[in-house]
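Asks: Sequence:
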Amino acid sequence: MAASTEIDPESSRPTQMAPSTEIDPERASTSAAPSATNPAAVVLAIIAWWRRKELLERSALVLRPLALIFSLFAFIVCASNRHGDWRNFDRYEEYRYLLAISIFAFLYSAFQVSKQAYRFSTGNDLVPKNYSEIVDFAGDQTMKLATERWKMLHGELAPPRTLEPMAMASPVLEHSKDGLFRVEKQGTCIPTTFPSLSEECAGSSCARLLHHEQPILYTEVEVVTSSPMPQASQDLPRAEINEQDEDTHHLVSPSAMASLSGISSRTPLALFFFFCCCCCCCFAATASAQLSSSFYNASCPNALPIIQSAVKAAVAKERRMGASLLRLHFHDCFVQASPGCDGSVLLDDTSGLTGEKTAGPNNNSLRGFDVVDAIKSKLESACKQVVSCADILAVAARDSVVALGGPSWTVQLGRRDSTTASFSSANSDIPRPDFNLTDLISAFSNKGLATTDMVALSGAHTIGQARCTTFRARIYNDTDIDSSLAASLRSSCPSSGDDDSLAPLDASTPTAFDTCYYRNLLSNKGLLHSDQQLHGGGSTDSQVSSYAANSAKFFGDFASAMVKMGSISPLTGSSGEIRTNCRKTN
Numbered sequence: 006m007a008a009s010t011e012i013d014p015e016s017s018r019p020t021q022m023a024p025s026t027e028i029d030p031e032r033a034s035t036s037a038a039p040s041a042t043n044p045a046a047v048v049l050a051i052i053a054w055w056r057r058k059e060l061l062e063r064s065a066l067v068l069r070p071l072a073l074i075f076s077l078f079a080f081i082v083c084a085s086n087r088h089g090d091w092r093n094f095d096r097y098e099e100y101r102y103l104l105a106i107s108i109f110a111f112l113y114s115a116f117q118v119s120k121q122a123y124r125f126s127t128g129n130d131l132v133p134k135n136y137s138e139i140v141d142f143a144g145d146q147t148m149k150l151a152t153e154r155w156k157m158l159h160g161e162l163a164p165p166r167t168l169e170p171m172a173m174a175s176p177v178l179e180h181s182k183d184g185l186f187r188v189e190k191q192g193t194c195i196p197t198t199f200p201s202l203s204e205e206c207a208g209s210s211c212a213r214l215l216h217h218e219q220p221i222l223y224t225e226v227e228v229v230t231s232s233p234m235p236q237a238s239q240d241l242p243r244a245e246i247n248e249q250d251e252d253t254h255h256l257v258s259p260s261a262m263a264s265l266s267g268i269s270s271r272t273p274l275a276l277f278f279f280f281c282c283c284c285c286c287c288f289a290a291t292a293s294a295q296l297s298s299s300f301y302n303a304s305c306p307n308a309l310p311i312i313q314s315a316v317k318a319a320v321a322k323e324r325r326m327g328a329s330l331l332r333l334h335f336h337d338c339f340v341q342a343s344p345g346c347d348g349s350v351l352l353d354d355t356s357g358l359t360g361e362k363t364a365g366p367n368n369n370s371l372r373g374f375d376v377v378d379a380i381k382s383k384l385e386s387a388c389k390q391v392v393s394c395a396d397i398l399a400v401a402a403r404d405s406v407v408a409l410g411g412p413s414w415t416v417q418l419g420r421r422d423s424t425t426a427s428f429s430s431a432n433s434d435i436p437r438p439d440f441n442l443t444d445l446i447s448a449f450s451n452k453g454l455a456t457t458d459m460v461a462l463s464g465a466h467t468i469g470q471a472r473c474t475t476f477r478a479r480i481y482n483d484t485d486i487d488s489s490l491a492a493s494l495r496s497s498c499p500s501s502g503d504d505d506s507l508a509p510l511d512a513s514t515p516t517a518f519d520t521c522y523y524r525n526l527l528s529n530k531g532l533l534h535s536d537q538q539l540h541g542g543g544s545t546d547s548q549v550s551s552y553a554a555n556s557a558k559f560f561g562d563f564a565s566a567m568v569k570m571g572s573i574s575p576l577t578g579s580s581g582e583i584r585t586n587c588r589k590t591n
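In the numbering used here, the protein residues as written are 6 to 591.
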């Protein structure tokens, strides 16, 4: 149907009227449902599909933070109402619905990300007691806030009355009795934002006001202000002013509301807020959701049992091997230039690469490479190029401690292998046996580990042995050493030569993971100078005493510190590679 044109007597300019729109009863009855093209509806549908397919649990590293961002986007769209105005009831219902769903989606996604972050940082699972009650409460509060927003804009206690369309005899243009409205009649209705004009509109226009259960679709209505506004129309909501014709105001359909509604001034703020939230979510995802304990559940479900079995066999054959595998993981993570827990310590020297094996702290000292090679070979047979060498070290360290009677913890997985190594960083970053307490605190702090973590991780010296060259200065020069221990060690470690003779770090129980290391420190029986620095009148004395008396406290803190250390700058995603041979790059 062609558009009608009415001449404004004051301006003598034609005013284009919208074509008549016929009401589709089915469409009218479902106008509150989300539009398929509504961006909020689309992203919420994606999240719902992910949840239904359980992808948020299986693909946590990517989809959990992405779902959080999507739900936040839906919330911003609904809160700022980018594609409609809260003052229009037919779209109010849709956006109230979508806003509530976006809150549910955000709560669910935030819970999933928080659970992942908690597991990442502590190694434990976060299980809320009344999660369903929290969600229900959040939903109730969402509806309450939506209602209060309506009251703020309209001063009403409930959504406004809608209009029921009335069939007209002919599609002609008529004026209401006050001459203010020109409404094209066939199947159209007065906009629902005019509840205060019930008397003026119902008498001679195309619709009557009712308490209607279903919202009605918009038609275009033009308000002409060529005559003074009557008192009855003072409650009209303010419409956008056409800059080209200051005498004519337009109330437009929802399809045009995105560009003409009064919320356009709020859009930049909403977009800025959304951008900031996206950045925060991305940083949070990068920091706390990089690794997952279930990383190999689908791609290599037997990975952890294969590693555990190999470690048990190696430790059963030689108890000292447990300490050697634990030390490999420590020396791998502390060389951060490559950049951290990335398997760089396993790389052999080549013509184009000087590895870390020959650096001062590692040369003629690191052991266990053959065990790692054997584990890698078995994993490649089970699932080719899936499990990284860096993850092998992390899991083998945990299994070694358990095999020697120590605590267990949940190992976060998903590290990738570096293609480089740093000889210089291995020399500078790994704490030396002659460090004092200040040096130790600084070295661990540089890796993001607290002093309490440093004292707990030093408890790894309850197993293993050290070379004469690392404790010679202590047994000949230090005064804070038990005299009988010093005399005993001097017999096997002369003041010069024989650098490679060995002595147990914990002479009491050298192959058992326990608290004897700390009890030895209380008696000045620490083998290394750096060991005894933990209990020598400094700030860490009380923690050493606590561990010496409470093995459960030590085990818990050690496990927590191992999780933190294992998370030092891992390579994830597409960074690095998955080596097929841990000794060389692909």
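These aren't lab readings, by the way, just hints derived from the structure by calculation.
One or more hints might be untrue.
[Unchecked claim] Calculated pairs, DSBU-like style, for lysine-lysine (alpha carbon to alpha carbon, straight line, at most 35 Å): (1) Lys389 - Lys530; (2) Lys558 - Lys317; (3) Lys589 - Lys530; (4) Lys530 - Lys569; (5) Lys383 - Lys589; (6) Lys383 - Lys322.
[As the list claims (entries may be wrong)] Computed spacing ranges between beta-carbons, pair by pair: (7) Ala50 - Lys558: 47 to 57 Å; (8) Thr359 - Ser382: 36 to 46 Å; (9) Asn368 - Ala53: 51 to 61 Å; (10) Ile51 - Ser433: 28 to 38 Å; (11) Ser489 - Gly410: 44 to 54 Å; (12) Ala557 - Glu323: 27 to 37 Å; (13) Leu358 - Lys322: 23 to 33 Å; (14) Thr585 - Ser450: 34 to 44 Å; (15) Asp546 - Ile51: 49 to 59 Å; (16) Gly365 - Thr457: 38 to 48 Å; (17) Ser547 - Ser356: 46 to 56 Å.
Heads up, the beta-carbon is just placed ideally off N, CA and C, and yes, glycines get one too.
Asks: Please go over all the hints and tell whether each is borne out by the structure.
Replies: Hints versus structure:
no.	hint	result
1	Lys389 - Lys530	48 Å, violated
2	Lys558 - Lys317	25 Å, holds
3	Lys589 - Lys530	41 Å, violated
4	Lys530 - Lys569	29 Å, holds
5	Lys383 - Lys589	17 Å, holds
6	Lys383 - Lys322	18 Å, holds
7	Ala50 - Lys558: 47 to 57 Å	49 Å, holds
8	Thr359 - Ser382: 36 to 46 Å	26 Å, violated
9	Asn368 - Ala53: 51 to 61 Å	57 Å, holds
10	Ile51 - Ser433: 28 to 38 Å	48 Å, violated
11	Ser489 - Gly410: 44 to 54 Å	27 Å, violated
12	Ala557 - Glu323: 27 to 37 Å	29 Å, holds
13	Leu358 - Lys322: 23 to 33 Å	32 Å, holds
14	Thr585 - Ser450: 34 to 44 Å	36 Å, holds
15	Asp546 - Ile51: 49 to 59 Å	56 Å, holds
16	Gly365 - Thr457: 38 to 48 Å	28 Å, violated
17	Ser547 - Ser356: 46 to 56 Å	52 Å, holds
When the structure is compared with the earlier hints, violations turn up for hints 1, 3, 8, 10, 11 and 16 and for no others.
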